[in-house]
Amino acid sequence: MRYLPLTPDDRRDMLAVIGATDIDSLFRDVPESARLAGPIDLPRHAGELEVERDLARLAARNRAAGAGPFFCGAGAYRHHVPASVDHLIQRSEFLTSYTPYQPEIAQGTLQSLFEFQTQVAVLTGLSVANASMYDGSTACAEAVMMAARVTRRKRAILSGGVHPHYDEAAHTLAHSAGIETVRLPAAIDDEAAVIEAIDADTACVVVQTPNLFGAVTDVTRIAEAARAAGALTVVVTTEAVAFGLLKSPGEMGADIAVAEGASIGVGLNFGGPYVGLFACREALVRQMPGRLAGETVDAAGDRGFVLTLSTREQHIRRDKATSNICTNSGLCALAFTIHLSLLGGTGLAKLARINHARARRLRDALIGIDGVEVLTPRFFNEFAVRLNADAAETVEALAARNILAGVPVSRLDPGAGMDDVLLVCATETTTDDDIAAFAGALAEELA
Amino acid sequence: MRYLPLTPDDRRDMLAVIGATDIDSLFRDVPESARLAGPIDLPRHAGELEVERDLARLAARNRAAGAGPFFCGAGAYRHHVPASVDHLIQRSEFLTSYTPYQPEIAQGTLQSLFEFQTQVAVLTGLSVANASMYDGSTACAEAVMMAARVTRRKRAILSGGVHPHYDEAAHTLAHSAGIETVRLPAAIDDEAAVIEAIDADTACVVVQTPNLFGAVTDVTRIAEAARAAGALTVVVTTEAVAFGLLKSPGEMGADIAVAEGASIGVGLNFGGPYVGLFACREALVRQMPGRLAGETVDAAGDRGFVLTLSTREQHIRRDKATSNICTNSGLCALAFTIHLSLLGGTGLAKLARINHARARRLRDALIGIDGVEVLTPRFFNEFAVRLNADAAETVEALAARNILAGVPVSRLDPGAGMDDVLLVCATETTTDDDIAAFAGALAEELA
Amino acid sequence: MSLARVGRPSRAETDTLQAPAASGHGLVQDEPLIFELGGWDKTGVDLPDETAPLDDLKGLTRAEALRLPGLSEPEAVRHYVRLSQKNHAIDLAIYPLGSCTMKHNPRLDEKVARFAGFADIHPLQPVSTVQGALALMNELACWLTTLTGMPAVALSPKAGAHGELCGLLAIRAAHEAKGDARKTVLVPTSAHGTNPATAALAGYGVVEIGQTDDGRVDLADLKAKLHDDVAAVMVTNPNTCGLFERDVLEIARLTHAAGAFFYCDGANFNAIVGRVRPGDLGVDAMHINLHKTFSTPHGGGGPGAGPVVLSQALAKHAPTPWLVSGPEGFSLLEHADGDAAAALGRMCAFHGQMGMYVRALAYMKSHGADGLRQVAEDAVLNANYIKARLGGALSVAYPEGPCMHEALFDDAWLEDTGIATLDFAKALIDEGFHPMTMYFPLVAHGAMLIEPTETESRRELDRFCDAVLRLAEAARAHDVERFKGAPFHAPLRRLDETLAARKPRLRWTPAENSSAD
Amino acid sequence: MSLARVGRPSRAETDTLQAPAASGHGLVQDEPLIFELGGWDKTGVDLPDETAPLDDLKGLTRAEALRLPGLSEPEAVRHYVRLSQKNHAIDLAIYPLGSCTMKHNPRLDEKVARFAGFADIHPLQPVSTVQGALALMNELACWLTTLTGMPAVALSPKAGAHGELCGLLAIRAAHEAKGDARKTVLVPTSAHGTNPATAALAGYGVVEIGQTDDGRVDLADLKAKLHDDVAAVMVTNPNTCGLFERDVLEIARLTHAAGAFFYCDGANFNAIVGRVRPGDLGVDAMHINLHKTFSTPHGGGGPGAGPVVLSQALAKHAPTPWLVSGPEGFSLLEHADGDAAAALGRMCAFHGQMGMYVRALAYMKSHGADGLRQVAEDAVLNANYIKARLGGALSVAYPEGPCMHEALFDDAWLEDTGIATLDFAKALIDEGFHPMTMYFPLVAHGAMLIEPTETESRRELDRFCDAVLRLAEAARAHDVERFKGAPFHAPLRRLDETLAARKPRLRWTPAENSSAD
Ligand SMILES: Cc1ncc(COP(=O)(O)O)c(C=O)c1O
Ligand SMILES: Cc1ncc(COP(=O)(O)O)c(C=O)c1O
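Chains as they are written, first to last, in this note's numbering: chain A, 1 to 447; chain B, 1 to 447; chain C, 1 to 517; chain D, 1 to 517.
Heads up, a few of these hints could be off.
[To be verified] Derived, one-sided and incomplete: chain D residues facing chain B with beta-carbon distance under 7 angstroms:
(1) I90
(2) I121
(3) L124
(4) V206
(5) E208
(6) S366
(7) H367
[What the hints assert, rightly or not] When the alpha-carbon atoms are kept at most 20 angstroms apart in a straight line, the in silico PhoX-like pairs for lysine-lysine are as follows:
(8) C:K178 <-> C:K316
(9) C:K183 <-> C:K223
(10) D:K316 <-> D:K178
(11) C:K183 <-> A:K154
(12) D:K183 <-> B:K320
(13) C:K225 <-> C:K183
(14) D:K225 <-> D:K183
(15) A:K154 <-> A:K320
(16) D:K183 <-> B:K154
(17) A:K320 <-> C:K183
(18) D:K183 <-> D:K223
If you are wondering where the hints come from, they were derived from the structure by calculation, not from laboratory data. Even for Gly, the Cβ is constructed at its ideal location relative to N, Cα and C.
Taking the hints into account, I'd like the entire structure generated from these sequences.
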């Protein structure tokens with residue numbers, strides 16, 4: 001087998017060195033009843049050519065986003081990633097290294113994580129950021145847990161604009177720890193309701209911007225109300241490109257900002273792997289989950305980086321840790337950092353404006369169609385439309401015409417009573433031809 | 001522009017350091033009439049996304065070999081290359097390095113070239129091999145020139161089994177140097193005619209095995225006759241996988257062996273880049289063209305490798321050099337070496353036998369079709385068939401059915417009077433389904 | 001070493017033309033942070049000049065420009081290539097971290113994961129347009145359940161710890177469904193930190209179980225602590241001492257008898273894959289680190305994937321989404337209702353780590369059932385070979401009997417040398433090797449835990465063992481300087497971790513600010 | 001240093017278990033040859049067990065098994081990753097080799113070249129199935145002819161030298177067509193070695209033209225040597241001293257007046273692309289190294305591509321294949337008959353370096369006409385900046401006026417230091433930099449030729465200049481040891497090239513044999 005270097009001779013000689021008669025004798029601690037005599041009933045080994053063909057066949061049964069007009073968003077956004085990003089993250093030294101526990105021979109990973117943390121802190125407008133979470137949704141759930149630890153309160157209020165999957169992930173995690181999560185009814189704008197819901201038991205409010213419906217929200221007033229009540233404000237962002245244009249969470253008074261970073265450097269990947277961004281005010285850092293790279297010096301006085309503040313973490317603090325997270329999303333964080341290092345502040349701002357411009361063009365194309373009502377007044381690159389038909393059925397009909405028309409709200413939140421609402425998104429990858437094809441086909445479907 | 005690091009400020013400051021008023025002043029040596037005032041009339045710069053889309057559109061207008069049944073050979077063979085090969089040759093340190101003129105910081109390239117030379121020498125059964133030529137055809141042309149230098153004679157005899165492109169490339173090069181190349185009439189087996197043609201003016205005979213028609217030839221008797229006449233024997237191989245199974249050129253008495261190495265590690269690439277293999281007897285090494293890596297020691301006595309015997313080369317010897325070659329095919333040689341290091345002798349032998357087995361299956365499938373006659377008695381993975389129809393037209397008809405049926409001899413050698421002869425090839429990438437589809441469609445076309 | 005240097009590059013960097021710039025030597029380049037490369041107005045991405053009015057977003061846009069540097073592509077590529085060369089990696093040499101299963105990462109897996117049909121599909125496309133992706137998930141699930149002998153699997157957890165959480169939440173759901181709100185999870189002392197941390201995160205109290213002298217769960221202690229408030233027993237098997245829990249069947253029996261569930265940490269599945277099915281050991285839930293046993297690359301700390309196989313009793317509590325197969329192909333149950341009404345909820349957005357599924361499946365198909373069995377055998381053989389070669393010089397923590405995939409040593413043999421485990425490990429760097437895991441598991445004093453994996457050749461094992469033995473000799477010869485000062489040959493000398501924690505600098509700040517503190 | 005060590009690994013390698021194996025330090029691994037890794041019976045490729053009888057091939061198969069080692073994939077990957085780290089590369093730092101144009105290689109170009117529609121097509125597929133590939137070649141041809149202002153281009157030459165050959169053969173064909181068998185080619189002393197070598201290969205006698213004190217072709221000498229036996233004048237412009245041939249129009253006029261053709265070596269086209277069209281300079285033929293100006297990677301010595309643009313007079317002699325466009329799309333004339341009857345023949349099998357065409361076109365489209373013009377400007381600016389910064393310390397070979405893309409220094413300034421150009425260059429390695437081109441062109445004594453290219457940032461230029469200036473100071477301070485012994489910090493110390501040439505060892509041989517010599 002091509003991945004196994006030992007030859008039969010090696011095995012024989014090594015057994016001799018060990019002083020074992022055969023390989024079975026090394027497994028003698030396994031209860032006899034559980035020792036399998038031979039290979040399990042699964043296919044035998046296969047060459048590269050066969051495996052590649054096999055998987056190519058499966059891949060061919062999916063409609064790639066790039067294979068036609070495409071307007072899906074709702075928490076996962078299609079952006080162009082420069083070829084150099086994917087090349088660099090595949091370098092052996094990044095791809096095949098472990099968590100940087102031995103800093104003297106892991107400065108490549110550590111320095112790039114330090115760069116990542118700084119970039120995330122700047123984007124979110126907060127003081128510190130960690131070295132990544134699994135994704136935006138688990139980062140959000142951890143933020144709720146952290147807020148409960150900080151405030152010693154047990155209730156989180158989630159805006160109705162929060163992505164339903166984020167709400168469910170937070171609920172699932174918080175529930176078992178006895179923390180209640182209250183999601184307000186699905187709404188494009190529920191600032192008043194959120195402020196209303198805050199009380200003395202509130203650990204945090206969780207507000208998303210741009211929210212599920214694409215609506216850009218100024219969180220400032222909510223954050224003020226939360227602060228007044230001794231609660232924290234968690235701002236969620238699922239489209240990291242928006243940081244290039246919109247007010248940062250920190251600017252709006254957030255205590256914790258979490259985001260899905262996959263828009264920058266990572267790609268769609270059918271939902272994973274992604275990369276969770278997690279930032280907070282400096283004062284809260286010791287309650288933060290996840291790894292942190294920090295600056296220090298070596299024995300010769302030269303600057304270097306190490307993993308630090310690990311007394312927060314499971315491998316040191318065990319059941320007193322701030323989280324159980326261990327493996328996180330290092331390589332995606334690296335991809336994020338490289339892509340953002342290429343873009344720079346200037347490039348990200350420009351990219352964000354292009355996204356906004358294309359989404360406006362999409363709106364302008366859809367708004368004139370009979371049976372389409374644009375619901376989101378102020379959006380970044382995504383907005384909700386109400387159709388004169390079932391949104392999920394319309395999406396299926398357009399998929400049959402090779403147009404991926406967006407995400408029906410009913411897929412995410414079947415109870416919201418929004419079966420006729422469709423979320424549509426445009427990015428720099430969306431062309432005018434795509435938009436025209438979509439608008440034309442949609443008009444026909446709805447006619 | 002994303003590839004240009006200088007900013008406008010940099011440019012201004014640097015001009016100041018230089019003491020130049022503006023960039024135009026640095027071009028003042030260009031005659032005024034030839035200075036263009038502005039950009040040439042070609043498209044302006046474009047982003048990665050646009051360029052990638054543009055080229056993807058062009059790529060989509062080609063029928064990839066892997067997109068259906070495929071039986072083309074005739075000098076270019078489709079084989080599976082392990083993913084690790086392409087990964088490794090894309091490492092910055094290999095991909096973006098120059099010819100290893102500074103050996104202290106080029107041992108990666110030099111050691112792998114030394115490995116390449118050794119592998120080529122072993123494959124060809126000769127003592128020494130160089131660090132690569134452009135491709136098999138130019139290697140063949142250089143072999144003819146070398147034979148003329150060694151023998152001080154001015155005529156080369158080429159078997160009628162030599163690939164017509166190789167013949168033409170050799171003729172083109174030799175002609176201007178006053179060396180005559182005589183190609184015998186196209187023939188599956190012309191051993192007798194070759195021996196017959198050798199005389200006292202013959203610098204070399206050039207024999208290909210497996211030859212254009214796939215015929216495996218024992219060159220021993222030809223080599224004996226050549227030696228007796230003071231001529232050299234050049235053995236050409238266009239399908240390097242055949243080395244895994246067949247007698248090596250050295251075993252058969254060749255003085256020089258040249259081959260196209262693209263079958264191992266490189267891929268089809270529409271004909272280039274490829275990699276020429278060039279090996280010869282030790283005594284001839286100082287007449288060899290191309291670069292050579294050699295072993296030596298460093299100042300501390302540690303083993304290392306350098307480019308050597310460069311007094312043969314253009315950069316030292318100028319118009320007295322053995323060739324004008326400078327840039328050769330280093331990265332393809334590296335790909336060849338990595339692929340062969342994975343295969344090993346065992347793997348290459350096995351691969352060769354699989355190729356032969358599949359070709360036999362292809363023969364067995366075609367032989368029963370009315371209107372098909374198999375012409376090549378002893379073949380490796382390719383053979384010629386005579387059809388009861390024009391081969392080129394049949395190929396076109398099958399291409400319309402998404403089957404790439406092989407190469408008509410008339411495409412390569414329109415004057416051979418073989419318009420009804422088709423060259424077909426099978427490799428480890430050819431499946432039984434491919435063969436069945438081909439046989440079925442061919443039977444219909446010929447019926 | 002002055003503290004004032006922290007926060008600034010180790011060599012002077014200025015913007016004036018003639019000042020000496022940072023450099024390097026030989027092939028090694030010093031490399032500043034991206035924030036120190038001066039790219040404040042640059043970008044390495046060409047974008048069309050295209051904007052729209054921002055009237056819709058009045059008051060909602062950034063007040064100030066984003067202060068993030070950009071680099072032209074040549075500069076960015078060079079920056080990260082230079083940084084990369086300061087890393088150790090499995091592609092460079094053995095990476096003998098215990099309990100980490102650092103094995104070869106096939107490039108085939110990277111290639112197939114990048115097929116547009118996998119990498120460029122959206123998680124919320126109509127399922128009719130992603131049937132291949134769902135079929136792949138189904139096939140992966142089939143391999144995982146067959147290899148473990150378990151009836152069900154939840155694919156979505158994003159790493160091992162997330163899988164542990166998923167398993168404990170399923171256990172909680174099962175207890176709650178019976179109205180049985182248990183509060184405690186039992187965890188052995190030798191457990192990985194994620195086990196107690198996960199139990200706490202899942203709202204459980206953690207009680208430690210002791211260990212016997214031969215490195216296994218103390219059955220007597222287990223019995224004593226198993227009562228009707230215990231929701232689950234979490235055992236790693238093979239455990240983090242590299243030993244198979246001989247009494248695993250009894251542990252399972254006792255656990256079940258107490259009405260608790262048996263959670264198995266499957267991080268070390270590599271030792272037994274293809275030879276032992278956890279389902280035959282009475283396990284109720286076990287996570288599988290695809291980034292360990294099934295070789296998806298660690299990537300300097302993730303991403304990974306931690307699918308959890310579940311027993312019949314727990315299967316109905318698996319988190320959404322559920323993958324179901326019907327006459328029209330595959331579909332997804334994405335909400336905890338209908339058939340999935342008992343689901344424990346949702347572990348994360350979307351459907352988990354698709355990119356890792358593709359890689360892991362390519363890896364499994366490549367090995368096949370026969371190859372995977374060989375994986376376990378070679379992994380165990382390699383570990384025992386290391387134990388045999390080093391056993392004479394170092395002190396084996398549990399010398400009796402074979403180990404499984406990793407060999408555990410303690411620091412008894414270093415007594416009187418004045419050299420600590422840490423020093424010894426750092427000295428290995430100077431010999432060209434990455435250190436083993438140190439000071440874990442906690443049950444062995446000054447532990448050194450070595451896991452070679454099956455993808456190390458005998459030649460590499462010998463190179464490694466030779467280096468360890470050379471160093472051990474030096475240690476016995478009291479060549480203390482060689483150890484205390486190590487490493488001397490790495491890109492940096494030993495780093496001051498205490499300073500980093502005492503005065504955390506977690507991001508770059510402009511020099512103006514840094515001079516303030 | 002004993003000769004007996006040659007042919008064996010630098011550290012002992014044995015097969016016995018306990019012997020000390022080769023090792024490394026820090027992140028650097030020593031690495032033997034593949035032939036010393038013991039893989040004589042191994043393979044790292046899994047192939048189906050499938051054979052057929054060999055009855056057809058009786059007497060034609062190998063007598064003995066192939067003695068080539070194989071490695072499992074993990075071993076092979078590690079071997080080549082380790083080797084790679086012993087290389088300098090443009091992705092690591094400036095690569096200031098003069099006349100080599102080592103510029104950034106965009107990864108986009110690598111990506112698109114690997115599209116199956118380009119990489120996995122066969123050169124002899126029916127042209128109806130490769131219309132996209134032919135369209136790409138046509139588009140590349142259009143860019144090249146437009147940028148050079150020339151009517152035609154032959155794409156197929158495989159590198160610069162091959163392009164030179166193609167150009168001279170076209171010239172020969174043109175003369176022969178007129179029944180005018182000229183025998184001489186004039187080449188300046190400063191020319192690259194390929195120019196005289198090519199002329200000789202093409203059957204011409206080579207006569208050198210002298211050079212003026214300001215580094216240009218000596219017109220008087222040219223005039224003196226131009227007579228009716230001269231087939232061509234071969235001039236590099238900008239020349240290898242980094243200077244533009246001011247009298248190029250006069251050179252062309254004189255050449256044409258003598259009935260000869262004007263061949264321009266276009267290796268240095270990078271200096272003028274987008275700003276000057278060689279067609280406006282009277283050029284008849286010029287090769288373009290796509291691997292220089294258009295950034296296809298050098299790959300440690302190729303592959304490259306050397307298309308040749310041709311004047312009207314030479315166009316009809318272009319080698320086959322010819323690409324022609326018709327109502328049914330593109331087709332190929334592959335034989336020297338019909339319209340292509342005057343073709344000079346064929347330079348190579350098939351259609352040239354498709355893989356390079358794709359990369360070069362992606363590069364051109366990315367830059368566009370505006371970006372390419374900027375390329376030339378920045379390349380020239382960077383070279384002049386280096387000349388300005390180093391001019392005070394080193395001796396500029398031709399100080400008067402600006403240089404183009406490269407700056408040429410001689411060793412006058414090293415006089416009395418006891419340090420040679422070679423030593424100075426090797427000492428640069430210790431500072432982290434690749435040396436410049438040395439001892440070329442021959443017209444400058446102890447030449448040091450520095451070409452930065454446009455993809456170097458000012459920061460990198462300063463780093464480099466600072467290092468050179470530091471070293472220049474050390475040289476003036478007679479710190480001779482630092483130079484004579486250099487490099488000290490590279491993977492190897494200075495290599496003995498004389499030994500290599502005196503006693504060539506050009507392949508590995510088993511130790512048994514090597515002990516014999
Ligand atoms: C025994 C054990 N359990 C659990 C984990 C946690 O897995 P992950 O890092 O994937 O979250 C690890 C990882 O190091 C481990 O070794
Ligand atoms: C001036 C000059 N001419 C010709 C060549 C030869 O080009 P190639 O190496 O592509 O054959 C070179 C390459 O170094 C060169 O610098």
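Hints, verified against the model:
no.	hint	result
1	I90	holds, 4 angstroms
2	I121	holds, 5 angstroms
3	L124	holds, 5 angstroms
4	V206	holds, 4 angstroms
5	E208	violated, 9 angstroms
6	S366	holds, 5 angstroms
7	H367	holds, 5 angstroms
8	C:K178 <-> C:K316	holds, 13 angstroms
9	C:K183 <-> C:K223	holds, 17 angstroms
10	D:K316 <-> D:K178	holds, 13 angstroms
11	C:K183 <-> A:K154	holds, 18 angstroms
12	D:K183 <-> B:K320	holds, 16 angstroms
13	C:K225 <-> C:K183	holds, 13 angstroms
14	D:K225 <-> D:K183	holds, 13 angstroms
15	A:K154 <-> A:K320	holds, 18 angstroms
16	D:K183 <-> B:K154	holds, 18 angstroms
17	A:K320 <-> C:K183	holds, 16 angstroms
18	D:K183 <-> D:K223	holds, 17 angstroms
Hint compliance for this structure: hint 5 is the single one not met.
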